[in-house]
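Taken in sequence, the protein lines are chains H and S. All the letters of the first sequence, read from the start, carry residue numbers 3 to 555 under my numbering. All the letters of the second sequence, read from the start, carry residue numbers 2 to 468 under my numbering.
These are calculated hints, taken from the structure and not from any lab test. Even for Gly, the Cβ is constructed at its ideal location relative to N, Cα and C. There could be a bad hint or two in this list.
Claimed, not checked - According to the in silico footprint, chain H covers these stretches of chain S (three or more CB under 8 Å from chain H):
no., segment
1, 189–198
2, 215–229
3, 240–252
4, 379–389
5, 430–444
Spelled out from the first residue to the last, the chains are:
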Amino acid sequence: MIPRRILMTLVLASSACTGAIDEPEGTRPEVEDPGESDPTERLPPFEPAAPVLPRLTQAQYRAALVDLLGAPLPRAELPADTNPYLFFNIGAASTTLSERGAELYEDSAALVAQAVFRDAARRGALVGCDPASEACLEGFVARFGRHAFRRPLEPAEQARWVGVARTLAEGDPWRGLERAVAGMLQSPFFLYRVELGEPDPEDPTRRRYTGYEMASRLAFLFTNAPPDEALLDAAAAGELDDAAGVEAHARRLAEDPRAREAIQAFFAQYFDLGRLERVERDPARYPVWTDTMAASMRREVELLVDDIVFRRDADLRELFDTRQTFVNDELAALYGVDAPGASPIAYVPVELPADGPRAGVLTLGAFLAMNAHQTETSPTLRGKYVRERVLCQTVPAPPDDIDLNLEDPESAEARTLRERLEQHRRDPACASCHAFIDPPGMLFEQFDSVGRFRTEEPGGPVDASGELDGTPLAGAKDLALVLRDDPRVPACVVRQLFRHASGRLERTSEARALRALEEEFAAGGYRFRELMVALATSEAFRTARMPGEEGEE
Amino acid sequence: MSRASKPGRSYPWGPARPRIGRRTLLRGAVGGAAVGVALPALEAMLGPSGAYADGTDPGPIFGVFFWANGVPWHGGHGAQQAGHPDLWTPPSTGPGYTPSELLMPLARHPVSVLSGLEPKTAIPANPPGQGDGHMRGFMVGLTGDRIRPDGFDHPSHTLTALRPSVDQHVARHPGFYGDEPSRFRSLVLGVSEARFHDYGHWNAISYNGPDSLNLPMLRPSQLHDQLFDVPADLAQLGGRARVLDAVMEDAAALRARLGARDRGRLDEHLTHLSEIQRRLDRSAATCEAPARPVDSGDLDERLDQMAELLAVALRCDLTRVFSMMLTSPATTHVFSHLGVPDGMHKTCHDGHWERVRAITAYQMEAFARFLDVLAGTTDATGASLLDRACIYATSEYGEGWKHSTAEMPVLLAGRACGALNERVHARERGGNLAQAHVTALRAIGLETPSWGWNGAETTEPVAGLLA
Chain H
3 MIPRRILMTL VLASSACTGA IDEPEGTRPE VEDPGESDPT ERLPPFEPAA
53 PVLPRLTQAQ YRAALVDLLG APLPRAELPA DTNPYLFFNI GAASTTLSER
103 GAELYEDSAA LVAQAVFRDA ARRGALVGCD PASEACLEGF VARFGRHAFR
153 RPLEPAEQAR WVGVARTLAE GDPWRGLERA VAGMLQSPFF LYRVELGEPD
203 PEDPTRRRYT GYEMASRLAF LFTNAPPDEA LLDAAAAGEL DDAAGVEAHA
253 RRLAEDPRAR EAIQAFFAQY FDLGRLERVE RDPARYPVWT DTMAASMRRE
303 VELLVDDIVF RRDADLRELF DTRQTFVNDE LAALYGVDAP GASPIAYVPV
353 ELPADGPRAG VLTLGAFLAM NAHQTETSPT LRGKYVRERV LCQTVPAPPD
403 DIDLNLEDPE SAEARTLRER LEQHRRDPAC ASCHAFIDPP GMLFEQFDSV
453 GRFRTEEPGG PVDASGELDG TPLAGAKDLA LVLRDDPRVP ACVVRQLFRH
503 ASGRLERTSE ARALRALEEE FAAGGYRFRE LMVALATSEA FRTARMPGEE
553 GEE
Chain S
2 MSRASKPGRS YPWGPARPRI GRRTLLRGAV GGAAVGVALP ALEAMLGPSG
52 AYADGTDPGP IFGVFFWANG VPWHGGHGAQ QAGHPDLWTP PSTGPGYTPS
102 ELLMPLARHP VSVLSGLEPK TAIPANPPGQ GDGHMRGFMV GLTGDRIRPD
152 GFDHPSHTLT ALRPSVDQHV ARHPGFYGDE PSRFRSLVLG VSEARFHDYG
202 HWNAISYNGP DSLNLPMLRP SQLHDQLFDV PADLAQLGGR ARVLDAVMED
252 AAALRARLGA RDRGRLDEHL THLSEIQRRL DRSAATCEAP ARPVDSGDLD
302 ERLDQMAELL AVALRCDLTR VFSMMLTSPA TTHVFSHLGV PDGMHKTCHD
352 GHWERVRAIT AYQMEAFARF LDVLAGTTDA TGASLLDRAC IYATSEYGEG
402 WKHSTAEMPV LLAGRACGAL NERVHARERG GNLAQAHVTA LRAIGLETPS
452 WGWNGAETTE PVAGLLA
């Protein structure tokens, strides 16, 4: 077998498909092909990147409200999350709030402040003293502000918000507090994660994130929520100023029950599971399909992730080749497995048969259904997913002004999709990229548009042979075994987590830090939470570039 | 929480003070008009130009209507597309054209057709893919400029606009609203929830600039709440408005610490806060609330619900600018009631011409129904909203099979207070799409000496449209 590194070079030379794209810093992936690129010593020296200013995502905003005011709270509509490069945190850091978005925040702030402050029992419990007294008012604003802004208020801020509570009280100190709270919930120090760093005493060429900023960074990474009291106290005590202190808190948070949900949120975005919500299938065409099937498929992936990352704290690479999964009754029917105890709501662990066609997350319903059309599969979508999501490769746009279409299935005289896709590879303009995308996608042809196993497709028997970078493979299960040991897969996980954690794309100057994380991931047995701890303590997560003349872009 | 709207509570029609008439402003004859006393429209008299006798005028309305995936392809879109009849372009040009099959539903309204236009923006070679019809046609059709090349990346389709879309250009133009903007400078609406990507820029047709998108409101109940769910206690709103002063002080303190890009983002946020403050301060200028709709799952019905609420908003001058996205670019909407089993995007690519014909006919009928509502809503002078409106309607490219941007479908609906000639078919094969923007903007009185960027520059409107 040809070593992968040589194969990769061949692919690079023969197509534009993984070539670097000339784009400004900060907007494009700059580290190509993890696991395949230069040896560490040839990577540029590490330099931290400029900070970003992400808005809170919907989940973070809601968690922050509960943290500040307690549940239950009225659930106002919020500005939508968007996911450029897959992650809400990147959307939150790159997009500008719309006017409608600002209006929704205004409405939400008024709504929750009223819910709390017009309820005598609730406001009493929250404030704990009579706001008519100066000390009470000052004390509450300081206490609330420390959690809302995720750091102690500056004296000017303290004066400002106490001032709001006084001047807008209209004779009712509770009304004044309600307004101050509604205002602080609209302050950019609440709505945005303001993490800009301070001079690094150990290195005058860069900044480090302050203790409070580290508290936020850890909290949002591990719990997708603002820092708890312990983290804020740790920041105040200077415990988060060095890697050891950060690691201690990272390990604590990795065991926090809230980390389960936060990690699920990461994987849902990484795997793009949101798309499942929009999978529509005609039950007349696919009798196994139900209104709840897409949700069941999502739940299955969540349970699998939870099992590997939490229950067993196991090697994350198992995701790609495991035959263990969790099914409810309709998934059991879809896969044709016995699952005693399964019901619409009860998921039971099952082992998929060793001689069956499935192994790994890419052979489960979620991936297969989401990367297919209503009436037929899409080797192109499936192959693109493998290339982009699993291997972190770049598939560029088709050349301008080429024919994007295959013959339509009705006029194609019952030829198989594989035969029609051959057109992609006959036409040189298409072949450069489709020879890269389609062959791994063809490996999934044994599964129809809802992920059901099949041996026949319209036009003839299924042929699920394909290849990955020159290695011929007989089907999706073969691919699973290859992916399990492909170093690009864990390197891709590292890169995706880094993007999610930092709210931006990685930069060339951070390649060494990413490489170090890949090595730590491997050294830790590919346990995902160990990777998170390694990331949290990495200098790429703890330091920032000095502000430049042209701003910090 | 008492935010129940008060059905039955009505306010004088229109804003608290008479707006300075747009034409008055343009003539530079502002005079003392701004200190006049409000007259409900019922008591106003129409002057000869459509303006009220007291010097105010109801002013033009500007709208954008967008539908996905162009029209059924034909030879005009390219050689490969030949072999199918052109069901879009009317056979004759000039006023009183004979509607084509697809335009037939619109024949009951003052709708002009601008045919043969195409984007003229240069296509940078790097990064590749910027010539793709979806993205290029979509951006040029809405902004007159190309996609932002920086950060353009096909795999994630992370396109964004370089500048405001034409609806936001109008909403923020000082010559449109003058000193007295409506309560909402614009309403950004949509109907179909189907989307090609979760990535937001594909689900919006309204932009303020790069990475600054206005996602449409997709549910009629949301629009109802935004327009009419005003707290009963108006003094409350004054308090909410004052709180924003302190928020802006916090923002000012932060601003100084930010780099250029994030400072720009925060500045835009601050601008929004000022708008919201203005809105809170003048909340009384609402009007009688219609019943809150129960959101329909049906595309037609939902569009009707939206149109009816929008018509109330326009009649009451809660806004004078809107955009309506029937379906999003590259929509995956499944028109199953038309017997189409796949999403529209795939249906186009699979070459199902007859299905695309049925879907386009359906979308044009939907547009006609939308116009029915505007035409059926009149003010005290007897003028309808459609009489006042200039609605620029388009799609993201000529056709969706090959993504051709030749023969972009462009319509101008409404009379723009008499500034638009009615029912004209103007044809310029290979003409600059940006001329459609010039035409629409001049129709609503915005001077627009030139429009279009990066190769699409033009100083000319489409001939024959402006009265």
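Outcome of the hint check:
With a cut-off of 8 Å between beta carbons, the segment 189–198 of chain S has 3 residues touching chain H; three or more are needed, and the interface restraint holds. Counting residues of the segment 215–229 of chain S whose CB lies closer than 8 Å to any CB of chain H gives 5, so the stated coverage by that chain holds, three being the minimum. Restraint check on the segment 240–252 of chain S versus chain H: 10 residues with Cβ-Cβ distances below 8 Å, three needed, restraint holds. Figure legend: the segment 379–389 of chain S, annotated as covered by chain H; annotation inconsistent (0 residues with Cβ-Cβ distances under 8 Å, at least 3 required).
Only residues whose C-beta sits within less than 8 Å of a C-beta in chain H count toward coverage, and the segment 430–444 of chain S has 0 of them, not enough to reach three; the restraint is violated.
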